[in-house]
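J.: As numbered in our numbering, residues 1 to 529 make up the sequence shown, in order.
Don't read these hints as lab results, they were simulated from the structure. The structure presented is a predicted model; accordingly, all values stated were derived computationally and were not measured. Any given hint could turn out to be false.
FRET-style restraints, in silico, Cβ to Cβ [to be verified]:
| no. | residue 1 | residue 2 | range |
| --- | --- | --- | --- |
| 1 | VAL66 | GLU290 | 20 to 28 angstroms |
| 2 | ALA405 | ALA123 | 40 to 48 angstroms |
| 3 | GLY322 | ALA123 | 40 to 48 angstroms |
| 4 | PRO170 | ALA354 | 50 to 58 angstroms |
| 5 | ASP64 | PRO248 | 42 to 50 angstroms |
| 6 | ALA354 | ALA247 | 25 to 33 angstroms |
| 7 | HIS421 | LEU397 | 52 to 60 angstroms |
| 8 | ALA229 | GLY34 | 56 to 64 angstroms |
Okay, derived cross-link-like pairs now, EDC-like style, lysine to aspartate or glutamate, Cα gap no bigger than 20 angstroms in a straight line [to be verified]:
| no. | residue 1 | residue 2 |
| --- | --- | --- |
| 9 | LYS355 | GLU50 |
| 10 | LYS301 | ASP276 |
| 11 | LYS301 | GLU290 |
| 12 | LYS301 | GLU352 |
For glycine and all other residues, C-beta sits at the position ideal for the given N, C-alpha and C.
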Amino acid sequence: MSGDAPAAPRRRDGVAIFALALAARVAVVAWAAGRFPPTADATYYQRIAERIAAGLGYTWLWPDGVVTYAAHYPVGYPGAIGALYALVGTHPAGAMLLNAVLGALGALAVHRLAARAAPRSRAVAALAGALVALHPGLVAYTPALMTEGVTGSLVACAAWASAWARERRPALAPFVVLGLLVGMATLVRPQTLVLAPVFAGLALLGPAPGDPPRSSGAPAPRVGAARAARRAAPILLTVIAALLVCAPWTARNCARMDRCALVSVNGGWNLLIGADPASTGAWSPIQVPEACRDVFDEAGKDACFGREARRFIVEHPGTWLGLMPRKLAATFDYCGAAGWYLHASNPAAFSEAAKVALGAVETAFERAVLLLALVWALRRSAPAPGALGGRARELSLAHRGLALARLALFAVGVVAALHVHAWVGYLALLGLALLEGRALLRAPVLAGAALAVLAATALTHAVFFGAGRYALVAFPLLTGLAALAAARQDPARHRAGVPRAMEGAGAGGDGAAGSAVSASPSASERERL
């Protein structure tokens with residue numbers, strides 16, 4: 001495309017984004033390293049990492065001197081910092097610096113995704129990367145020896161691999177890389193595994209550079225059994241690669257925990273916490289059921305908790321479903337994870353007033369991101385004025401209905417973003433995206449991945465329980481998506497004016513503009529990484 005920004009300056013921008021993100025995070029680490037010891041879950045990650053570094057494996061030393069194998073917390077993060085501690089010593093500063101590097105990689109990944117999503121605008125890609133690089137919640141969370149920021153960065157890198165796989169089709173190697181990255185993220189947060197087939201599907205079903213544009217009203221081509229099998233192969237390969245990353249640890253759990261578990265044995269705990277009619281939607285001390293009081297084996301207790309939670313859900317489905325708004329509110333209304341962690345770790349070094357101030361800045365930033373993402377979704381789904389042409393009579397009623405639905409969801413989202421209950425706004429964003437129908441599969445990978453992570457986060461914590469820090473996983477990609485609101489829209493996107501929810505697929509191309517011009521790829525499209 002003649003209007004595409006040159007590739008070399010974009011690469012330089014990527015280096016600058018990485019450097020900016022790393023500098024911001026290292027500065028926070030330099031300030032925090034001697035002030036903020038691990039707290040909350042980080043205390044356990046630190047102890048487990050110290051034992052791994054000492055060659056004792058993932059084991060737990062009890063007060064009476066007994067040592068047992070453990071798998072309550074996922075192994076990925078303590079395993080990574082344990083390996084680092086074995087090389088540089090067990091001071092938490094080493095883990096903080098690892099967080100800083102991974103956070104910078106997440107910002108770079110979002111920049112590269114935005115460069116593909118907005119190929120005509122170097123500034124939009126730079127904006128996306130810079131917003132993630134300087135995101136107040138992500139930067140200030142760097143000293144926390146916790147998993148959410150790390151997972152968000154790994155997921156952003158996996159989305160980058162998905163975009164690369166889309167460009168390199170039909171090559172299979174990028175799908176293997178995608179699976180390996182999702183597998184690494186799964187070892188850190190097991191629920192991430194659901195993204196393996198989703199991200200592979202985004203790569204497989206979206207348009208690759210050079211694909212001819214599909215006319216707006218054209219039906220989707222028939223897919224025979226052989227072609228369907230070929231399409232499924234990369235998705236299956238991605239899932240297998242992700243599972244292979246986890247397989248050694250799964251085998252260890254089967255051998256050492258008297259019960260097989262993919263990564264960890266805390267799913268039953270978490271489900272039971274969220275199956276309490278007195279729940280606020282957030283974490284609370286677990287109420288041990290009578291049936292589980294004499295079960296002391298770690299894996300056995302988790303299984304017992306899971307059975308009791310499922311029994312409650314089956315017997316009281318309405319009560320359990322009624323808890324979901326509370327859980328979503330606990331997850332999306334207010335994050336405040338960085339201020340909470342720093343204050344809990346050392347109140348003298350980070351006061352209550354400082355926690356409130358940081359939370360206010362972070363909340364304002366995240367609400368602005370939500371508003372911009374809503375603007376992007378509304379602009380993307382709206383056809384160009386007067387584009388219905390000769391099909392106006394045929395489509396006018398359906399078009400008006402969809403237009404009203406879009407405007408209603410947008411209005412609800414804006415009101416929620418400016419109100420206490422932002423979780424309603426995030427659901428409105430997902431609703432706006434779903435109105436695109438199958439055309440959403442041909443959206444830029446950045447958009448599809450951001451929405452998929454948001455949906456997975458909402459669904460996971462609606463089932464279990466919520467906490468503001470859990471939303472951090474979605475923030476890097478959502479922030480990049482928000483930057484696309486500044487991208488110029490190409491009128492050719494809706495050249496027939498058919499509402500996207502009625503199309504078999506959208507216009508070709510991985511760009512926000514969806515430009516339907518020459519089938520020969522531009523310099524930026526040829527740039528694989």
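J.: Hints the structure violates: just list their numbers, smallest first.
T.: Violated hints (numbers, rising): 2, 5, 6, 7, 9, 12; every other hint is consistent with the structure.
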